[in-house]
Amino acid sequence: MEFVVFAIFAALAVLAAAGVVVARNPVYCAVALLVSLLSVAALFLVLWAEFIAVVQIMVYAGGVMVLFLFVIMLVDLEQRGFDLGAGRIGPRPSAFERGLWAVAALAFGALVLSLMVRSLDLPLPGADRAATMLQGPYAADGRGLGNTEWIGMLLYTDWLVPFELASVLLLVAIIGAVVLARRDQADAPAGKGAA
Amino acid sequence: MTFDTASYVRDLYWLIPELWLTLVGFALLAASPYIRDGAGRRIAAWASAAGQAVALVLLFALYAGVSGVFGPATPEAPGAIYAMQFAHGRPLLLIDGFAIVLKAVVLVAGILATLMGIRLLETERIGRGEFHAVLVFAVVGAMFLISSTDFITIFVGLETMSLSVYLLVGWAKDSRKSNEAALKYFLLGAFAGGLLLYGMSLAYGATGTTNLFGLQQALAAGTPESGRWLLTLAILFMVVGCGFKIAAVPFHVWTPDAYEGAPTLVTSFMATAVKTAAFAMALRIFLLGFDAPAQAAQWTWLFGILAALSMTVGNVIAVLQDNVKRMLAYSSIAHVGYALMGLVAAGAALAGWIPEPQRSLAIELGQSSVVLYMVAYAFTAAGAFAVVILLRREGIEGDRIDDFSGMARRAPGTAAVMLVFLLSLAGIPATAGFIGKWWLFASVLQGGGYRWLAVLAALNTAVSLYYYLRVAVRMYMEIPADELPYAVTPSLTAAVALAAIGTLAIGLWPEPVLRLVSGTAQLLP
Amino acid sequence: MTLAIEHVLVTSAAMLTVGMIGLLVRRNAIIMFMAVELVLNAANLNLIGFSRFLPDPIGQVFVVFVIVIAAAEVAVGLAIVLALYRNRDTVMVDEASTMKW
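Residue numbers (the numbering used here), protein chains in the order written: chain D, 1 to 195; chain X, 196 to 720; chain E, 721 to 821.
With the rest of the complex left out, here is chain D (with noise of 0.2 Å):
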């Protein structure tokens, strides 16, 4: 039963990846996209992560698609019109081209897959540890910790440094984009063309 969810989203989240590289018009990159980060959500369900799933979900879902389908939006329907695909527009890559780097990447993805399918038997310790992850360790009133407050412990704990350095690093993408995607009025260059 697990294996069959896990086999239906894996599919899903792959050839929905594939349709991210194959389409042709930047929106239903977007969407494939989507499609295929919403798979993997599932499949973090699966894998015994619900709050990840949940973050997977609210981040890209929420957040990160709607930037790139607002981004989308902006950059090629400004001047353009919808229909203008990713590559239509200016050289891109021969056919002939695109088909040699297509089997470079595929040939060395195989390289990976079959060096990892020789990993097959890992011994990956302790089916008998298994039991606490499903239901977290024990607090110190006996009862299994859920999920979400177990990954809350670990970043609040041990964690902490890096969390604290994380959101320095939020602070600093959201000025820097705030600076670099608005248009200035007051501090228009003079004289453009400087370097």
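You may find that some hints are simply not true.
Now the in silico label distances, taken between C-beta atoms and shown as ranges [to be verified]: (1) D/LEU15 <-> X/ALA689: 55 to 65 Å; (2) X/LEU218 <-> D/ARG183: 25 to 35 Å; (3) X/PHE198 <-> D/ARG182: 36 to 46 Å; (4) X/GLU706 <-> D/GLU97: 48 to 58 Å; (5) X/ALA625 <-> D/ARG182: 47 to 57 Å; (6) X/ARG588 <-> E/ASN807: 18 to 28 Å; (7) X/PRO488 <-> E/GLU726: 25 to 35 Å; (8) E/ALA724 <-> X/ALA492: 26 to 36 Å.
Derived by calculation from the structure, the hints in this document are not laboratory data. Bear in mind the structure is a predicted one, so any value in this text is a computation, not a measurement. For every residue, glycine included, the Cβ atom is placed at its ideal position computed from N, Cα and C.
Mind docking chains X and E on chain D? Use the hints.
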């Protein structure tokens, strides 16, 4: 997973330089909306430089407060001054001599970049107050990265630094070159981060830990037959990821464009601070995490190839450049090749290809020679970029080699200093570059089958002399290209002077630096 | 058939390959960027998979950080694309023609 407030506060004590810098960044950010005119921006820039200088003082105050050369060994991390933020009993961050020296390099690079750029930011009209805040946050990320001994802290630190630098590269948003440079750097940088992460995930799967000490222990305990391939793949992905971040051939394609398109002070910061932090990451991952003989054998030859390619391709293409920034970009690629020799020497020793009498010496020498080279290169490269900034004037781009024509006649002092930087880049005696190269050669000549790298490096040095001296010939033999006065400012002069003093001091009186640097060797266990 | 780590690895390797193809073949900056997201998700899938089968929760903690960083990266990347777009009319990376190698 228990939280001990006392130990957390103790941890924060050792992070005071980073915390202080973060506060400086916040202050600059908070002040930036109120800064509108040129004078205010100059004050903000000086404040940023002063804030970084205070962090440098704090860093050495912490270090001086420790007894012994580099402090007592902690049981968890022999040789470290302080290990902190334990997860599963293993440290996420390490304060050791290695970290202190390289953090100092990053701070010096940040200070020099800030000082040299004050006038440039005005000329390019990009001197918004937020610029300095983002630069300071990039320094914070780099300092974190240098201390990190866990994949999670490494990744967060790396991305904090990289994200800030992507923004700084694209900061001149009215310039197409700057936009394109930022886009290329960003796409390839993010991709490299993804590959690095993929490698980390595989290493995590093979050993069950994200910690470098944990990885080391797991590998020492012997890898199970089936996990071996996962580890091989992990090493492959991480070498590629690190190769992108340190700009080694063939993962260098973003470098010349990003270096040319970025505002020159950002270029200087990338060539010095970012490169130093990325090297620190590579040294930590491979010399600490993957130090088992079987794994060392794998990554050593990969890095050996990267080193040979980087120095050759970098130097040969640098000869063809007319643009100084591009030339320095290719030269920095070549220097990555030289610096990788130290890592390769240490790897060959770890792999057991160097017999015992020389083995431990080769490991120590390999590690410390990379650190020494980063110190030497930071001063030299920052100085060279500062002189390039001097040529940028209203209406004159000033980044062609021709723009150096006649500098000796117009500004003899500056020309002489530039000559020092060029000679140091080429590795001529009495300069920092020579001392750095000397150690790298010594480390790789310990044996282990990589002596040919030293030969190749010597040949490449000869090639590099040609294009470095070409600039010198322009400065001394030709008539001035234009009459517009150079963009001399007190801050730029200070930056050039600092860099020149550093370059010459290390070259003429290397002893203190050598002592400091050799102290870092035993600290990467 | 029971679910095993191999299945996760195969899926993630496939996503990684597709992402790499996208990065190499496409020349639209936004789509190349989507390909980078695919690579990051492949790595996340690995981490979560190992986290279940090891079993060990740190993989999940790692993924939290990766998702945060990926989101920040998207904001920055798209801001860069917008800035470029303001200055020129295309977002094709190869047309970044002012610069040669």
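Tell me, which hint numbers fail for this structure? none
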